[in-house]
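These protein sequences, in sequence, are chains S and D. Per the working numbering, the very first residue in the first sequence carries number 18; after that it's consecutive. Per the working numbering, the very first residue in the second sequence carries number 18; after that it's consecutive.
Calculated from the structure, these hints are not laboratory results. Treat the hints loosely; a few may be bogus.
Which copy is meant is left open, because identical chains are indistinguishable; a pair holds if it fits in one copy or across any two.
Capping the alpha-carbon separation at 16 Å, the derived lysine to aspartate or glutamate pairs in EDC-like fashion look like this [to be verified]:
no.	residue 1	residue 2
1	K75	E338
2	K116	E338
3	K71	E338
Residues per chain are reported as follows:
There are 2 protein chains.
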Amino acid sequence: MNKMIGEQTIKFDSKPKIISSAAIVGPKEGEGPLGEYFDKVLPDSYYQEQTWEKAERKITQETIELLMQKANLSADKIDYLLGGDLLDQTITANFVARKFARPYFGLYGACSTMVEGMILGAMLIDGGYGQRTINFTSSHYQGSERQYRTPNEYGDKYPGYKQWTVTGSGATLLAKDGQGPVVTEATVGKVMDLGVKDPMDMGAAMAPAAADTILQHLNDTNRNPVQYDLIVTGDLGEVGSKLLRELLEDKNIDISEDQDDCGLLIYNSDQGVGAGGSGCGCSAVVTASYLLPYLNNNRFKRLLVVATGALMSPLTFLQGESIPSIAHGIVIENDTQNNA
Amino acid sequence: MNKMIGEQTIKFDSKPKIISSAAIVGPKEGEGPLGEYFDKVLPDSYYQEQTWEKAERKITQETIELLMQKANLSADKIDYLLGGDLLDQTITANFVARKFARPYFGLYGACSTMVEGMILGAMLIDGGYGQRTINFTSSHYQGSERQYRTPNEYGDKYPGYKQWTVTGSGATLLAKDGQGPVVTEATVGKVMDLGVKDPMDMGAAMAPAAADTILQHLNDTNRNPVQYDLIVTGDLGEVGSKLLRELLEDKNIDISEDQDDCGLLIYNSDQGVGAGGSGCGCSAVVTASYLLPYLNNNRFKRLLVVATGALMSPLTFLQGESIPSIAHGIVIENDTQNNA
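Excised from the complex, chain S in its bound form:
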């Protein structure tokens, strides 16, 4: 029983259903163009906790609780949790998983974690290893800045090509049975590195990975970009999105009419966010609260979400290394859509 099409793409014949999704975001994300779509907008970045790290955990825990509440399911009905985040040793995901006491796979895919978790969740269900999975991820602007760059109080250089880490958590609940958009295909990404070394220029570092995964996906499925209502990348921002289009043009693929980026969708250009949003939370909250409802409402039929992750650390930067990146793609379709 081979479920692969082409070289690198999985076809989920059982079509796992996304029966619930939820997202909670910070105040800046609430002021952006998608503000009204999110389940909850925080009044401030501490959310009544003493540290940003504890605030990120609280947001994530509430997102999962809300996710289960929407589906009218308690934690004991969930077979697996799949989670990860940006903090060292993925402490947000690990501590939140403790609260729900269900079998847990810890992931590290940097900002690609949302789609990595959805792919593995879809496999767990399609393969018969469980009925329901929750995948979740999160990021927090201040917590990330402190860890990756300089103490927040010192401020930091903010060139126009730097992106702004989204404060927020997003989660989806995949199930064998139920109502909702369906996962039909996935293309698992390879680690790419074209030599970008500037950790403020992550969009440029991640664009080659996104290009490779999109190209591979289109080859494997024999489709053109126009056969998707939207090809949406995770957090390439302005710089990375432009580079992605150029890289694909070199291969005679034009996605200019069909592509958008969660990092560009989430903020208004006058919000002082440099080249756009980034962070695990970026593709997670946009997918959970904006894209999936559009599929539910029949405004989209078929979506390719390509979440992108920059796989460096502050230490590798200081040791002079370039930034490896990865992009995982997943196809989500309206439940009434026929396969083409």
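Based on the hints, put chain D in the right spot on chain S.
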């Protein structure tokens, strides 16, 4: 098609084969009782690199190359890589994955990563999503000490209950077809936390997770401990192993004749390693170079490997948190063994 037995255990009817395994270790591990079993022992902890982090990457890359060489396979025959390690943002695994350019799932399970990767690899093969997977992990004593505790040059307190991070990398190659021990079952762990806060006492922090997973596994499979040639935990060391036995005795399960620990197997007691070995590399190198060959040679028929991970970070310790832990179990059997 339901592949679950009991509440939390997966049964792999197709029995994915472990067709190759490899491990490279540091000098201290080479001087231990298993020294002669490892594929290679390093002369020093730098291995001709400028930093410990780069040395860990070099060891890991060579382990994977050796693994494929033993199976006479090139990287293009591998469908997925699954990897993770202890360093912030799992940079060893990410940078090594870049070298092989195959579809990659990044994991974070702390010292449970070896078994987490084997379980997901077995699912990918059993579920029909690929033919061959490589899972790999690593740790490095000096790199870990620097990151988790204090700069190595300062020295650090070394109480008798503290464990010694293994320098080494281990990997296995799972395949649909071929010769070798087979993966028959897996029990995915839940995150547990009984409130231990001392990051030097990780054996005690992880013992409850190991107890929970072993108990669940025995319940799900309706087996007794004596039905395994060995139940081997990852890195509980002396303190954690003792606590594990006590926790299971409270549930009327006696594993005293059937259990051992990779952290106790890898060093001699006079090597100055406190309560024994730890780190992602600990269960990885012992499984790859010692336990799997024993299965191959018919000296074992059925093995339960329970890799344990402490899911804290230096930051959570400083913020006063306790240590959440997880344990994943996998059953590996001699290929000629009938299921009982």
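### Query
For this structure, which hints from the list above don't hold up?
Every hint satisfied by this model.
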